[in-house]
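J.: Below are the chains, spelled out letter by letter.
Protein chains: 2
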Amino acid sequence: MLTRNLILAIAVVASSLIAQSAVGQKHQTGALGKAEHNVYYYQRSTLFKVLPVKSSDIVFFGDSQTDGCEWNELFSNPCCKNRGVNGDGLAGYIERIESVVAGHPRKIFILGGVNDIPHFASADTILANMDRLISIIKMKSPRTKIYLESLLPINNDFHKYKGLIGKEDMVLAVNRGYAKIAERQHVTFINLFPHFADAEGKLSKAYTNDGLHLLGDGYILLRGILKPYVK
Amino acid sequence: MLTRNLILAIAVVASSLIAQSAVGQKHQTGALGKAEHNVYYYQRSTLFKVLPVKSSDIVFFGDSQTDGCEWNELFSNPCCKNRGVNGDGLAGYIERIESVVAGHPRKIFILGGVNDIPHFASADTILANMDRLISIIKMKSPRTKIYLESLLPINNDFHKYKGLIGKEDMVLAVNRGYAKIAERQHVTFINLFPHFADAEGKLSKAYTNDGLHLLGDGYILLRGILKPYVK
Chain A
7 MLTRNLILAI AVVASSLIAQ SAVGQKHQTG ALGKAEHNVY YYQRSTLFKV
57 LPVKSSDIVF FGDSQTDGCE WNELFSNPCC KNRGVNGDGL AGYIERIESV
107 VAGHPRKIFI LGGVNDIPHF ASADTILANM DRLISIIKMK SPRTKIYLES
157 LLPINNDFHK YKGLIGKEDM VLAVNRGYAK IAERQHVTFI NLFPHFADAE
207 GKLSKAYTND GLHLLGDGYI LLRGILKPYV K
Chain B
7 MLTRNLILAI AVVASSLIAQ SAVGQKHQTG ALGKAEHNVY YYQRSTLFKV
57 LPVKSSDIVF FGDSQTDGCE WNELFSNPCC KNRGVNGDGL AGYIERIESV
107 VAGHPRKIFI LGGVNDIPHF ASADTILANM DRLISIIKMK SPRTKIYLES
157 LLPINNDFHK YKGLIGKEDM VLAVNRGYAK IAERQHVTFI NLFPHFADAE
207 GKLSKAYTND GLHLLGDGYI LLRGILKPYV K
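Line by line, the protein sequences give chains A and B.
Offset between the first sequence (1-based) and this note's numbering: plus 6.
Offset between the second sequence (1-based) and this note's numbering: plus 6.
Honestly, the hints are just simulated from the structure, not real lab data.
Any given hint could turn out to be false.
The list cannot tell twin chains apart, which means a pair is met if one copy fits it or any two copies do.
[Said to hold, decoys possible] Once the Cα atoms are required to be at most 25 Å apart in a straight line, the calculated DSS-like pairs of lysine-lysine come out as: (1) K186 x K151; (2) K237 x K113; (3) K233 x K173; (4) K60 x K233; (5) K233 x K55.
Given these sequences and hints, build the entire structure.
T.: Written out as C-alpha cells, the structure reads:
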C-alpha cells in the first residue's frame with residue numbers, strides 16, 4: 007500500500023513536470039546567452055540549415071504554434087515556409103535566425119515569446135529579446151518585410167501548462183510592448199489577440215483543445231487575418 | 007538533505023517517465039479499437055481535415071519522423087505534403103487515413119509503427135495494423151501508388167526512449183513482416199534500414215541525436231533514397 011501510494015505520488019509530480027516541460031522549460035537560459043536546447047531544436051535547426059531560404063520566400067518563424075501548421079498549404083503558396091520549432095523561446099530564435107536571413111526572404115512573420123513567459127517575472131527580457139531579433143533581421147536582411155504578430159490569448163481552464171497559470175496579464179504586457187517595438191522599428195504589428203479571445207479574454211475553446219495550441223479552425227481564422235499581409 | 011534527496015529521486019523517476027512518454031505511450035489502445043489520442047493528434051488531424059489532399063499530391067504519412075520534415079522543400083515539389091503526427095501509432099494512422107484517401111492522392115509514402123513497439127511483445131499486431139492500413143488505402147483510393155518504408159534502425163546508446171530498449175530484434179521482425187505485406191499487397195517496399203544503420207545495426211550517430219529522430223543530414227540521406235520513387 008505504501009509502495010502504491012509512493013508510485014501514485016511520484017506519478018502526480020511527474021505528470022505535473024511533464025505538463026510543465028511542454029511549455030517554456032526547454033531552454034535553460036532565457037537571457038541572451040547561448041541556450042541549452044532540447045534534441046528537437048537541433049533536429050529542426052539542422053534540417054533548416056540544409057533547406058536554404060530563397061529571396062522569394064515568405065517565412066513563418068516561431069515555436070509550436072508555427073511548427074504545427076502547413077503554411078504552404080494554408081495559403082496555397084509554395085513560397086510559404088515553416089520555420090517553427092516546438093518548445094522554442096526567443097533565445098533560440100536569435101540563435102537560428104541566421105539560417106533564415108542568409109536567404110534574404112521577401113517576408114518574415116514572427117510569432118513567439120509565449121514559451122519564455124514561465125521564466126520571467128516581467129515582460130522586460132522577452133521584449134528586449136524580441137527587439138534584438140528584429141534588429142538582427144533588419145541588419146542582415148534590410149529588404150525583408152517583417153511582420154510581428156501579437157501573442158495569442160491563453161486559456162488556463164485546460165490546466166495544461168502550469169508555467170502559464172496566472173500569467174494572463176503578462177501576455178497583455180508583452181503584446182503592448184510588441185506594438186511599441188513594431189512602431190519604433192517600423193515593422194508591421196498584427197494584433198491577433200482580439201480575434202482569438204472569448205468574452206473573458208481567454209483563447210476561445212472553438213480554436214484550441216489545450217489552451218495554447220490551435221486546432222484546424224484556429225489556423226483557418228489565422229489565415230483570414232494574415233492573408234492581406236501574405237499576398 | 008532528506009528533502010533534497012527526495013526531490014532528486016522524484017526528478018530521476020520523472021525524467022524517465024518523460025522520456026518514456028515521448029515514444030509509444032500516447033495511445034491507450036494499440037489494437038484496432040478507437041484509440042485515445044493526445045491533444046497534439048487532434049490539433050494535427052483537425053488541421054488535415056481543413057487542408058484537402060488533391061489527386062496530384064504526394065503524401066508523406068507517418069509519425070514524428072515524418073512530422074519533423076518539410077517534404078515540399080526537401081523535394082522542391084509543392085505537391086509533397088506532410089501528414090505526420092508526432093507520437094502517432096498505427097491505430098491513429100487507421101483513424102486519420104480517411105482525410106488523405108478522400109483526396110485520392112497520386113502517391114502515399116508510409117513510415118510508421120515504431121511508436122507501437124513499446125506496447126507489444128511481438129510484431130504481430132503491428133503487422134496486422136499495417137496490413138489493414140494498406141487495405142483501406144487500396145479499397146478507398148485504388149489508383150494511389152503506395153510506398154511502404156521499413157522502420158529506421160534505432161540506437162539505444164542514447165538511452166532516450168525506454169520503451170525501445172531491447173527491442174532491436176522487434177524492429178527487424180517488423181521490417182521482415184513489412185516486406186512480406188508489401189509483396190502480398192503489391193505495393194512498393196523501400197528498405198531504409200541498411201542505409202541508416204552503422205556496423206552494429208544501430209541508427210548511425212551521423213544522422214540522429216536521440217537514437218530515433220533524424221537530423222538534417224538524415225533527411226538529406228532519406229531524400230536520396232526516396233527520390234526515384236517521388237519523381
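J.: List in ascending order the numbers of the hints, as given earlier, that are violated by the structure.
T.: 3
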